[in-house]
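A.B. asks: Quick note: the sequence shown uses the numbering used here, first residue 1, plus one each step.
A hint or two may mislead.
Restraint ranges, calculated between C-beta atoms of paired labels, are given here [said to hold, decoys possible]:
1) Phe116 / Lys44: 26 to 36 Å
2) Val119 / Ile91: 29 to 39 Å
3) Cys59 / Phe19: 34 to 44 Å
4) Val58 / His109: 51 to 61 Å
5) Asp87 / Phe4: 30 to 40 Å
Hints in this document: simulated from the structure, not taken from any laboratory. C-beta atoms are modelled at their ideal positions from N, C-alpha and C, and glycine is treated no differently.
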Amino acid sequence: MAWFLYSLSWLALALQGIFVILSLASGLYYLCELVEEYSTTASKVFRYLIWITTVIFVCLWLFDSFPLLVCAMGILANLVHLMVLKDYPAIAMTSFPFIMTVVMAIINHFLAFRYFATVWYPFSEASFAI
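Produce the entire structure from the sequences given, and follow the hints as far as they go.
C.D. replies: Laid out in structure tokens, this is it:
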């Protein structure tokens with residue numbers, strides 16, 4: 001008799017997963033519609049977010065002793081992101097700033113993954129963003 005409840009719980013978990021994915025997809029679709037409709041406002045929001053991220057990189061280097069290479073590459077990646085925003089919303093995928101954005105994102109993620117693979121942080125310090 002326990003197999004029915006076990007099977008029912010797996011079915012419920014699968015349905016919950018499907019609904020979570022559909023909710024996430026519809027939310028992202030709505031955000032894309034907003035960005036398309038209000039491109040000037042979206043550009044300003046993106047610009048503010050890039051500057052906030054740059055300040056966070058500087059603060060991580062100053063106060064938490066993050067490696068200079070990780071922070072410098074993050075700041076450089078943000079500067080390249082700002083170069084891409086100059087042409088927003090018409091961004092050419094073959095333009096130098098866009099290609100550099102992709103390259104810098106890969107380098108920045110590689111350096112961050114390498115750092116966090118070697119340096120351990122307690123869960124209480126790493127979970128504040130959740």
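A.B. asks: For every hint, state whether the structure bears it out.
C.D. replies: For each hint, the structure was consulted:
At about 31 Å, the CB distance of Phe116 to Lys44 agrees with the hint of 26 to 36 Å. Checked against the hint of 29 to 39 Å, the C-beta distance between Val119 and Ile91 comes to roughly 35 Å, which is consistent with it. Distance hint for Cys59 and Phe19: a CB-CB separation of about 38 Å, consistent with the stated range 34 to 44 Å. For Val58 and His109, the Cβ-Cβ distance of about 19 Å falls outside the hinted range of 51 to 61 Å, so the restraint is violated.
With their beta carbons about 59 Å apart, Asp87 and Phe4 fall outside the hinted range of 30 to 40 Å.
Comparing the model with each earlier hint shows violations of hints 4, 5; every other hint is respected.
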